[in-house]
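Participant: Listed below are the residues making up each chain.
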Amino acid sequence: MRSLKYYPATSWEDAVEALTKHENAQVIAGGSDLLGWIKDDLHGPGAPRADVLVDIRTIPDTSYIRFDAASGLKIGALTNLTSIEESPDVQSNYPALAQAVGAPASPSIRNTGTLGGNLLQRPRCWYLRGREFPCYKKGGDFCFAVTGENQYNAILEGELCYIVHPSDTAPALIAFNATANVIGPGGSKQVPFTEFFIGPRVNVLKETVLERNEILTEVSVPAPAAGLKSAFFKVTQRDVYDFAIVSVAIAAQIENGVWQDGRVVLGGVAPTPHQSTLAEAALKGQTITEAVARQAAEQAMLNARPMTDNAYKVDMAKNLIQQAVMSLLS
Amino acid sequence: MSTQSRVTAIDYEKLTAAEKQFVDLYGLEDLDRALKTRPPAAAPVQRPAQAEPSAFSIIGKEQRDIEGYKIVTGQARYTVDVYLPNMLYVKVLRSPLPHARVKSIDTSKAAQLPGVQAVFTYQDIPEKMTAGGRPILASEVALVGDGVAVVAAASETVAEDALRLIEVEYEALPFVLDPREAEKPSSPLARSDLQSNLAGNPYKVERGDAAAGFAEADVTVEHTTDTQDQEHVAMEPHAAVAQWEGDRLTMWVSSQYTHATANLLAASFGLPKSHVRVIADFTGGGWGDKAGVAYPYILLVSLLAKKTGRPVRYELSRTDVFLETSHHYPVIQSVKLGFKQDGSLTALQSRSLVNAGAYSPFAAFLAADTLSAARLQYNCPNVALEGVGVITNSAVAGARRCVGEPSGVFALETLMDEAAEKLGMDPVELRLMNINEEGDPESGLPWSSNGLREAIVKGAEAFRWKDRWKGWDAVGTSEGPIKRGVGFMAMACNKGSKGPPMTAVVQIPPDGSVLVVQGGAHIGGPQRTTFAMIAAEALGAALDQVYVTTPDTEFTSDTGVVAGSRATKSIGLAVQTAAEDARRQLLDFAAAKFTKDLGKQIKAEQLDVKDGLISIKDDATTKPITFREAVASGFVIVDAQPIPAAATVIGRGVVPPETRYAQQTYAAAFYEVEVNTQTGVVQVVDALQVHDVGRVINLLGLRNQVEGGAVQGIGFALTEEFKYDPATGIPVTANLDDYKMQMINHTPPITAMFIESDDAVGPFGAKGVGEPALALASPAISNAIYHAVGIRMKSLPMIPKKVLDALKSTGV
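Here the protein sequences come in this chain order: A and B. 1 is the number of the first residue of the first sequence in the working numbering; add one for each residue after it. 1 is the number of the first residue of the second sequence in the working numbering; add one for each residue after it.
Be careful, since some hints might not be right.
Unchecked claim - Below are the EDC-like pairs computed for lysine to aspartate or glutamate, each with C-alpha atoms no more than 16 Å apart in a straight line: (1) K336(B) with E418(B); (2) K458(B) with D440(B); (3) K229(A) with D309(A); (4) K39(A) with E222(B); (5) K422(B) with E222(B); (6) K801(B) with D55(A); (7) K5(A) with D161(B); (8) K470(B) with E454(B); (9) K340(B) with E421(B); (10) K801(B) with D309(A); (11) K802(B) with D309(A); (12) K61(B) with D544(B); (13) K336(B) with D209(B); (14) K204(B) with E386(B); (15) K39(A) with D320(B); (16) K307(B) with D124(B); (17) K39(A) with D124(B); (18) K723(B) with E132(A); (19) K808(B) with D315(A); (20) K5(A) with D55(A); (21) K273(B) with D247(B); (22) K273(B) with D544(B); (23) K610(B) with E629(B); (24) K340(B) with E429(B); (25) K610(B) with D544(B); (26) K623(B) with D611(B); (27) K39(A) with E386(B); (28) K723(B) with D178(B); (29) K802(B) with D315(A); (30) K596(B) with E629(B); (31) K39(A) with E160(B); (32) K109(B) with D161(B); (33) K39(A) with E156(B); (34) K808(B) with D309(A); (35) K723(B) with E280(A); (36) K422(B) with D342(B).
Stated by the list, open to error - Here are the in silico distance ranges between beta carbons for each label pair: (37) R57(A) with G499(B): 50 to 58 Å; (38) S478(B) with D309(A): 40 to 48 Å; (39) R164(B) with R201(A): 29 to 37 Å; (40) M235(B) with L35(A): 48 to 56 Å.
These are calculated hints, taken from the structure and not from any lab test. Yeah, the Cβ is synthetic: ideal placement off N, Cα and C, and Gly gets one too.
Please put together the full structure from these sequences, using the hints given.
Facilitator: Structure, rendered in structure tokens:
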């Protein structure tokens with residue numbers, strides 16, 4: 001690995017200041033994605049090499065899980081995934097979130113990796129992750145996946161760039177209507193996760209609304225409504241250490257087998273976690289049956305535009321949505 | 001000396017050509033010993049009587065790796081653990097283009113960076129110095145990853161920073177990745193020094209008349225399979241440390257074959273081999289990737305160490321390993337089989353097209369290996385085989401555990417399954433009807449052992465094949481989205497043989513301990529434990545008396561590579577021969593001592609050795625003596641006079657090549673899979689691999705070999721693939737995120753069963769096993785998928801995409 005400057009931050013404000021001061025500074029928390037990115041020496045006109053690492057692990061009280069039946073769940077951005085997975089509060093109130101935080105990578109990565117890092121990790125597209133490909137995301141002027149190997153790329157909402165969002169926790173948090181707490185030079189603000197992620201048509205160089213001197217500090221999840229059921233499913237080629245080919249998170253209020261209200265969010269299919277309002281509309285007010293679940297799945301893929309090698313993901317996503325919806329009844 | 005076996009009169013002129021060649025190499029004495037101790041070539045093949053397991057005191061048991069404690073406590077020194085004072089670190093600047101000419105290269109800024117001690121480009125490499133024909137640093141690059149410059153610096157970080165200061169201007173040249181394209185005359189040449197992309201002459205075998213054979217066939221089946229580039233991914237990355245002292249070069253290298261590296265260095269630097277020392281105390285896996293292959297990095301560290309006068313170390317990053325070292329090569333193989341209605345083979349035709357990568361010194365061998373099973377596994381009067389290797393701008397093709405055979409048996413055994421259905425036969429019965437149990441039809445030599453029938457029959461029993469397979473009508477009948485199916489395959493494998501060089505020395509110093517001096521690598525087999533067990537058994541020593549050396553060319557002789565499953569059989573034979581020679585000398589000493597002590601003539605033939613004690617047979621009253629007592633008070637008979645000689649016994653093991661038998665190892669596999677028809681994910685739920693190993697030496701090491709092979713085989717079948725962007729020729733999976741190795745919790749329970757066919761050649765009847773262990777999974781899984789859901793998977797790896805696409809196209 002090349003040489004870098006290291007800045008251990010003492011407070012959120014200190015970290016924001018360091019980021020503001022150094023043009024190519026980056027935040028490091030668990031480092032499980034960032035260090036790989038640096039070691040692979042990924043860079044481009046729109047993705048300059050980091051020269052300073054601002055460590056936020058040195059900031060006190062950033063790792064916590066606090067649950068209150070009235071106000072809901074608050075998780076510090078530096079909380080590691082294992083702690084969340086093992087939290088009885090998360091397991092009993094947000095089961096799909098507990099499953100989702102247990103899904104990435106391996107136990108050792110989940111011990112190191114933080115919730116904030118999982119949400120902010122960069123996409124895994126073979127071309128973005130190849131140093132020699134000057135793709136749109138690095139500030140280049142081409143998407144190599146269009147003419148190349150695209151079996152894992154986006155089937156929905158691709159434009160210019162066909163990355164898929166790699167996070168397992170993001171679909172689950174969107175399904176549970178979670179909000180990000182963000183700190184920046186102007187202080188703190190709340191951003192719902194539905195507005196947190198941005199696609200390539202908004203800004204191809206990044207995946208979230210965060211400016212380079214803003215930091216995700218906390219995730220808050222509303223208290224679960226009565227009758228809230230949830231499910232998280234993920235398809236990978238191998239059981240561990242694998243990103244989702246397709247994942248789906250659902251949180252919905254079910255009464256007597258009838259879908260009252262809820263969210264269906266897909267991972268691995270689009271440049272951002274994809275909330276399928278079409279599937280949600282197909283389910284709303286319906287008694288859940290295989291046919292209804294299938295109809296929702298078909299709706300979710302209505303606008304799918306597969307590339308040369310990834311049409312199979314459409315079938316896979318439909319099957320997974322149907323399976324996830326049906327699982328809410330059990 | 002009386003301890004030398006006497007040479008009986010051998011008339012050189014009456015020897016066969018092979019024997020003469022042998023005598024020229026090894027001398028009459030060894031031929032004499034070989035002829036005395038082994039059955040003659042003309043002898044009819046008879047299964048040697050199975051020795052009772054109780055006849056052995058050491059072998060056949062579960063023995064933990066003698067070196068295991070050092071390994072798991074971090075005391076074992078691997079090459080990546082070698083740090084020398086004043087050492088420099090290396091990083092290589094690699095080509096980002098698959099084919100290009102270096103127009104200009106400017107290293108001046110890099111050379112000025114503080115801490116940088118040397119920067120080389122192709123201009124700094126001695127003329128004519130290559131890594132087996134591959135440029136050490138290239139002026140014309142032929143794959144992404146060819147080195148164009150190298151930096152030696154005070155730290156890895158400085159070296160890496162320096163790489164970014166090197167400016168290279170390339171002139172891109174046309175490139176080719178697809179072997180089907182490369183084969184065409186219209187293809188761009190992968191290298192400008194080639195006349196054609198064909199890598200040498202095609203490999204061809206013709207027996208009988210294939211066209212006539214197909215004409216008389218009642219049932220014909222044919223298909224084309226494609227198998228992918230698999231990387232070895234040894235746990236220890238490739239690494240080397242070079243140090244010069246005057247005109248002596250010492251290298252620590254992660255290696256399966258130190259002597260090959262020593263030969264390369266001696267030839268490259270014009271040194272006598274005695275001035276080159278290559279050491280590999282422990283090697284963290286190799287699977288053929290470290291089989292003494294002449295990689296550029298080995299020469300680079302040597303050149304940089306010479307230039308700087310300091311030790312130079314290069315530990316390849318995982319990406320460096322992917323880019324610089326050899327891979328298992330992609331194979332496109334077509335097979336056509338003709339059968340009589342009763343199931344007997346009338347004709348077999350196969351053509352394999354092998355992607356040999358940018359530089360392959362032995363493409364013809366790689367192509368031939370994919371056709372080995374087609375050539376030898378079944379009795380077939382009419383056979384036509386062709387193997388073609390082509391040069392492309394992709395990873396260098398090399399040996400990976402079982403080389404080309406996993407691709408070959410995937411092509412053959414999935415088609416045999418299809419044929420069985422068409423013939424309405426149980427696939428097990430079809431194999432049993434056709435397997436070749438006699439010998440090599442081309443050389444006419446009999447097999448040294450053949451346990452294939454037993455492996456198939458016993459495996460089918462243990463797996464309850466008939467109950468679980470249920471016949472062709474049962475295909476795809478299970479309920480629900482997850483379908484279960486079972487699959488079977490059989491294999492005759494050309495690995496695991498005896499082949500030269502085979503040398504070892506067994507020393508027994510006056511303290512009675514036993515030192516086995518041999519140069520075979522300890523790469524996890526665990527080979528040195530195997531050698532210790534063989535030596536102890538042959539000597540009658542206790543196992544804890546025996547120490548086996550690590551590979552160090554300074555004091556071990558060349559005993560060949562630890563690869564091709566040859567260690568147990570070939571190096572094991574050398575160790576056994578040396579131990580038997582030492583035993584003869586030891587017993588002469590002991591006999592002299594007993595004679596002196598008892599005051600009556602005791603001959604060596606009257607003695608017995610077990611567990612480190614030498615006793616007189618049928619004499620319970622005389623106290624047995626230890627090795628120490630025998631050696632320390634030993635006598636040498638000179639001119640019929642006993643001369644006291646408190647000397648080290650030196651047993652010599654030099655083994656001739658095999659001329660009397662053709663050799664194979666055999667296996668059968670039974671796999672059960674679950675196919676998720678909604679996601680395309682295939683999960684192996686049960687795996688039984690039955691291997692004919694000749695004789696079990698170390699039951700624990702053997703199970704490890706089979707389980708490890710099965711895991712690599714399942715990875716080959718289901719997940720692992722090194723891929724390129726077709727438009728740019730740049731690899732897209734040169735890391736362990738995207739190159740998907742098998743993980744332990746995705747690994748099914750693997751049952752290993754062993755057949756002891758008592759090989760006529762191997763030590764105590766043993767032969768190799770590590771390589772075929774990889775080859776079984778993919779055809780067995782493909783056949784099981786067909787049984788589960790009725791689709792024939794002909795392309796590896798069988799990833800969810802391919803399974804879902806196939807399910808969709810058949811409307812399942």
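Participant: Evaluate each hint against the coordinates.
Facilitator: Each hint, compared with the structure:
| no. | hint | verdict |
| --- | --- | --- |
| 1 | K336(B) with E418(B) | holds (11 Å) |
| 2 | K458(B) with D440(B) | violated (24 Å) |
| 3 | K229(A) with D309(A) | violated (35 Å) |
| 4 | K39(A) with E222(B) | violated (47 Å) |
| 5 | K422(B) with E222(B) | holds (12 Å) |
| 6 | K801(B) with D55(A) | violated (40 Å) |
| 7 | K5(A) with D161(B) | holds (14 Å) |
| 8 | K470(B) with E454(B) | violated (22 Å) |
| 9 | K340(B) with E421(B) | holds (14 Å) |
| 10 | K801(B) with D309(A) | holds (8 Å) |
| 11 | K802(B) with D309(A) | holds (10 Å) |
| 12 | K61(B) with D544(B) | holds (15 Å) |
| 13 | K336(B) with D209(B) | holds (14 Å) |
| 14 | K204(B) with E386(B) | holds (5 Å) |
| 15 | K39(A) with D320(B) | holds (12 Å) |
| 16 | K307(B) with D124(B) | holds (10 Å) |
| 17 | K39(A) with D124(B) | violated (28 Å) |
| 18 | K723(B) with E132(A) | holds (15 Å) |
| 19 | K808(B) with D315(A) | holds (9 Å) |
| 20 | K5(A) with D55(A) | holds (11 Å) |
| 21 | K273(B) with D247(B) | holds (11 Å) |
| 22 | K273(B) with D544(B) | violated (34 Å) |
| 23 | K610(B) with E629(B) | holds (15 Å) |
| 24 | K340(B) with E429(B) | holds (14 Å) |
| 25 | K610(B) with D544(B) | holds (13 Å) |
| 26 | K623(B) with D611(B) | holds (14 Å) |
| 27 | K39(A) with E386(B) | violated (44 Å) |
| 28 | K723(B) with D178(B) | holds (11 Å) |
| 29 | K802(B) with D315(A) | holds (12 Å) |
| 30 | K596(B) with E629(B) | holds (13 Å) |
| 31 | K39(A) with E160(B) | holds (10 Å) |
| 32 | K109(B) with D161(B) | holds (11 Å) |
| 33 | K39(A) with E156(B) | holds (12 Å) |
| 34 | K808(B) with D309(A) | holds (14 Å) |
| 35 | K723(B) with E280(A) | violated (38 Å) |
| 36 | K422(B) with D342(B) | holds (11 Å) |
| 37 | R57(A) with G499(B): 50 to 58 Å | holds (56 Å) |
| 38 | S478(B) with D309(A): 40 to 48 Å | violated (30 Å) |
| 39 | R164(B) with R201(A): 29 to 37 Å | holds (33 Å) |
| 40 | M235(B) with L35(A): 48 to 56 Å | violated (20 Å) |
Violated hints, in rising order: 2, 3, 4, 6, 8, 17, 22, 27, 35, 38, 40; the structure is consistent with all others.
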